[in-house]
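Keeping their order, the protein sequence lines are chains A and B. The C-terminal residue of the first sequence carries number 1195 in my numbering, and the numbering is unbroken. The C-terminal residue of the second sequence carries number 961 in my numbering, and the numbering is unbroken.
Bear in mind the hints are in silico, worked out from the structure with no lab data behind them. We treat Cβ as the ideally placed atom computed from N, Cα and C, and that holds for glycine. Honestly, I wouldn't trust all of these hints.
The list that follows gives simulated cross-link-like pairs (lysine to any residue, SDA-like), each with its CA atoms no further than 20 Å apart [unchecked claim]: (1) B:Lys536 - B:Ala473; (2) B:Lys722 - B:Asp759; (3) A:Lys1131 - B:Glu647; (4) B:Lys623 - A:Pro1138; (5) B:Lys751 - B:Arg586.
Not the full set, but computed from the structure, chain B residues with beta-carbon under 8 Å of chain A [as the list claims (entries may be wrong)]: (6) Val67; (7) Asp101; (8) Asp548; (9) Val644; (10) Met778.
Only some residues are given here: those of chain B computed to face chain A with a beta carbon under 7 Å [said to hold, decoys possible]: (11) Val72; (12) Lys461; (13) Pro646.
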Amino acid sequence: MSAPPILIPHASGTNRDGEAAQAVELAGGDPRIVHINELRRGDVAFADHAAVLLPGGFSYGDALGAGGRLALELRTWFGEELAATVAAGKPLLGICNGFQVLVKAGLLPGPMSAPREVTLTENARGRFECRWVTLRVDVGTPSWLSAAHGALIRCPVAHGEGRIAVADPRVTQEIEDRGLVAFRYMHTGAAPLEDPLKPADGAYPANPNGSVNDIAGLCDAPGAVVGLMPHPEDHVLSWQRPSGPEEGAGLPVFEAFVGAAR
Amino acid sequence: MTLRIDVTAADDPEGAQVLAAAPLVGVATLTGCRVSRVYHVAGEISADEIDRLCAEVLVDPVVDRHSIGDPPASVGRAVEVAPMAGVTDADARELERAASQLGLAEIQVSTARRYDLEGDIDETAVATITRRLLANDTIERSVEGALEPIFAGEASVDASVDLVPLASLSDDELEALSRDRVLSLDVNEMRVIQAHFAGEDRPPTDAELETLAQTWSEHCVHKTFRARIELTHTAADGTVTVTEHDGLLPALREVTEELDPWWLRSAFVDDAGIIAFDEDFDLAFKVETHNHPSALEPFGGANTGVGGVVRDILGVSARPIACTDVLCFGPSDLPDDRLPTGVLHPRRIRDGVVAGIGDYGNKLGLPTVNGAVIYHEGYVGNPLVYCGALGLLPAGSHPTEAHIGDRVISIGGRVGRDGIHGATFSSAGMDASTVDSVGSAVQIGDPITEKGCIEVVERARDARLYTAITDCGAGGFSSAVGEMGEDLGVEIDLAGVPLKYPGLQPWEIWLSEAQERIVMAVPPDKLPALQTLCDDWDVELTDLGHFTGDERLRVGYEGLSVVDMPMAFLHDGLPRRDMVGAWSDVAPVAPVAHTPDAKLVLALLAHPDVASKEDIVRRYDHEVRGGTIVRPYVGPEADGPADAAVIKPLGTGHNTIAAVLSNGICPRVGFHDPWAMALLAIDEAVRNLVAVGGDPDRVAVLDNFCWGDPTKPDRLGGLIRAVQGCTDGARRYAMPFISGKDSLFNEFDGQAIPGTLLISAVGLVPDMAHAINSAGMHPGDDLWLVGRGGAALGGSLVDAVLDLGATEVPQPLDDPLPRYRALHAAISGGLITAAHDCSDGGVAVAIAEMAIAARAGVHVTVPADGLDPLGALTNEAPGRLVVAASPSDRDAVAAALGSFGRRVGEVMDDDRIAMRVPDADDAAAGLDQASHTIIEVSIADALAAFTGGDA
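Produce the entire structure from the sequences given, and follow the hints as far as they go.
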């Protein structure tokens, strides 16, 4: 089976595209890092790809709020292409800055509502933070990510604006009821990872940013669009993990992603 | 028309931070602080369009509230803060671009922050909070109430070139001219310039004089490090030796040439040193300082410090892959009454510097993996900020020869008055015009522009689009172009240089130190490809001129001649300096005796130099690029300090070689003996590197000297002794210096900083599977001590904590390599489960840190080595490490370590750190016969001391 082409758009300030490409490749995909300008000129088309991965970084330096500027560009320049990608059920994954973009663009948890009721904002501690966390894939709605449902993943977070906040507690309940929580921060421990681990229950640093209901990632109701703040692409090789349990690789996320793109 | 938009977040961490910090600056009555972002928008924009801008870009509907028009009524007192004109304002720029993307009317934007302060606070309290917490008048303006916006002006350039008559000036007048124009040239140098232009029969232009001053500056040409120096060295017994030193830099280079290992690719000739990584790739390494800017504007100073050293890596065609930073600050708890006027509090400097480093490195996508923080009162007026960067390049891919006809191309940021004579411009009287002309001495960085340069340079290198490259740093174009064109000559036209704002004179464009620029020599037939590449990556390209072959530096601006000088005079005309240095050794004084106890161990762990820096380190991304193997903090709870960083560069997965970065710095030793300080710093860097699996035979080092005024003989004397320590160390450790940097004149009010040498090491871990850290041990493992202790406590942490008055410093090792080779063989053989070096606080701190890192008890009998219990526990003799190994490997470890290693204890499945120390009277009796004192602390107490938390 030939490797499905995976589009990894690069905007000014994108920086975890290299690791995202490595993870996609290890999962059997054919990663293609393409600058937004090339997409805009039409040199490369969204439609020629089986899936889209928006990587981490600081697009436009996080000016005017993380992800907001790129979200605006995606909507104004690529609104139709994105809609077609989603309508075709192609997997769309956003990591860290890519997740911020998808939320600010109204694609997560979606559908686009006006005004938006979910956002990613400054960490509760008011600063950028880099540390390893433990996640559980918690997706409740049918999704390409369901292939990895229940997986426990250890990987780093590295962000300053990763706190999920909602306009109203009702919104949290709705997200939970519809099974749109894709990833949840879990309590870590030196012991082997095993389900059931307890959710972090808001406790720092297991939940590093104060996200409501320990939400680390979201998906949309049709299950094609998924995003998360932590970086499973930084734990796809065994030597990448620090001391602790000898498991919890992030590769299952990318295997599910590439698998659905075939 | 102009209108204002205020946006406030519902919950607001920054406001909470101001509230928490207010009591620390003496305002206990602040009860609330709410921060708003303010956007002043100018242009023919409709109310509907403004609403759209808010909905689409400015206002997050979930967390933000906003108002349009007048500022919202304040419940208390309001302070507004805005960047000065010309200071990077990314939000304003991006809002202008967003409006254009949305198809709205063209707008100009100016931003501000508004702080609504509540509580019983008077005008003085508001002023204190503003000055100490909210605004920095080096780059910002602030007012209580509403601040009028300033938009970039439209003034056109009335370009002119001024002539500076020199012919008739006396020596005094030459000196006065140098002082008034901040040329920093001495009278000899001014006379040489006077004679040159007398020969040309014309006065120099302003730009020519400035170009010479830049090119001949201490910063660019290292006058002190090239000078002939006479050193008078008075030994402790009064013996006086006078020696001649034919240049400090040549002495450092000479050792490198003498050692010349096969894996050395390039040393001292370029922006960074280069060594081989594997058969396909080389590593480039450089460490710079950004001290003075960081003292004035900590965030911007450190920000641009990172940016500068990353460009040094680009300047040797390498892709930056990691950052390091070593910081020296005044004590965080310095009482306000000890703070000199005009100096920012050390706490504020630290917080700003840390934020600045994190902001730039994180946004470039570079892991910040190694560093140190040192606190000492000697750095209050003059903090030190060392920024390092590591790069990776395909072997042999860095071109260094421009050809006649090649274009001189600049890529990256636009030019403003940044860095020009910053110190001489007054920041008083802030109306629009003066603010415009002041520009800023210190700039806030623009990492996203630099990130674009990184992407373009890597691709341009791989497509062989340029024949030479250098970064634009101090001196701006004048240095970068002047150096690149040294052999061939260049002709430059400044008229096409894109400016941040209008009104710059030609000499200002030529000298501007605007950040984020790279200069390349590009063959004309490659220029279209480079232009396309730059367009693709949103990087601005400027064609400045061409390489001529006439060996002259010619710069013009729309027909005006700005500079016209022979390259030979610019680069070889500088007369060499003769300087004198003096150093007197101090006679050793017997230190006060002290009996160690558990309290002392906790006090050592709690000392700011030792205590956990996690609070700082976690603000840096140390994971990006997915190659970090040994992280800054290790162990099951990721809170034990690592010795060095090991990283596997992305894209080198075809083998198991990894890179290792470490550092050594011990300024406390330097007070007593700068020569020993250099050797001990080298040892610290090497032992840290070996501790994580680095090969001691594949290490290259960088020197970074931060010193006081070298025209004062005592300062220069200490500096020479430190350089001698470096050259002696390079020979003893067989480690070449591959690059370096000196930052001199670090004085405040005539007080020099502690002469401080940072040694940064780069090396290889041959097989990353054998990279280890300080936490990998298991209960039941043996603990071994490598190396022997010494009595000297001068410059040690315990001397600083107990004020023992010790002056004798540890004796450097004569032949250090055998022990490091032995340990490396044991680590490479997979025998060692954990290793940690003994540095600040000696064995006591090393063992406690390992116990914390591994969350495992350690029971150790510390060998007396003829010392009293205090010395045995806390001496900082070089070449010592604590390592762990399985008891099943006991014989193999004993064989590998030979006489260097002694088995001293065991890792336990408990929570006790127990150190058995032979009593002083019995120390000579040997380990087994002596009576002992047992010092014991729990891991919980040790951790509490180390992290500053509660037990």
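Status of each hint after checking the structure:
Annotation: proposed proximity of B:Lys536 to B:Ala473 holds, straight-line Cα distance about 9 Å (limit 20 Å). Under the criterion of a C-alpha separation no larger than 20 Å, the hint pairing B:Lys722 with B:Asp759 is consistent with the structure, at around 14 Å. A threshold of 20 Å between alpha carbons decides the hint, and for A:Lys1131 with B:Glu647 the separation of about 18 Å falls inside it, so the pair holds. For the hint pairing B:Lys623 with A:Pro1138, the CA-to-CA distance comes to about 16 Å; that is within 20 Å, so the pair holds.
A distance of roughly 19 Å separates the Cα atoms of B:Lys751 and B:Arg586; the hinted pair therefore holds under the 20 Å criterion. Contact between B:Val67 and chain A, as hinted, is supported at the beta carbon level, the nearest pair being about 6 Å apart and thus within 8 Å. The interface hint given for B:Asp101 holds, since its Cβ lies 5 Å from the closest Cβ of chain A, which is under the 8 Å cut-off. Nearest Cβ of chain A to the Cβ of B:Asp548: about 5 Å, under the 8 Å cut. The hint holds.
Of the supplied interface hints, the one on B:Val644 holds, with its beta-carbon coming within about 7 Å of a beta-carbon of chain A, less than 8 Å. For the restraint placing B:Met778 at the interface with chain A, the shortest Cβ-Cβ distance is roughly 6 Å, inside the 8 Å limit, so the hint holds. Residue-level restraint check for B:Val72 holds (minimum Cβ-Cβ distance to chain A is 4 Å; threshold 7 Å). Checking B:Lys461 against chain A by beta carbon gives a least distance of about 6 Å; that is within 7 Å, so the hint holds.
A hinted interface residue such as B:Pro646 counts as satisfied when its beta carbon comes closer than 7 Å to some beta carbon of chain A; here the least separation is about 4 Å, so the hint holds.
Going through the hint list in order, the structure satisfies each hint without exception.
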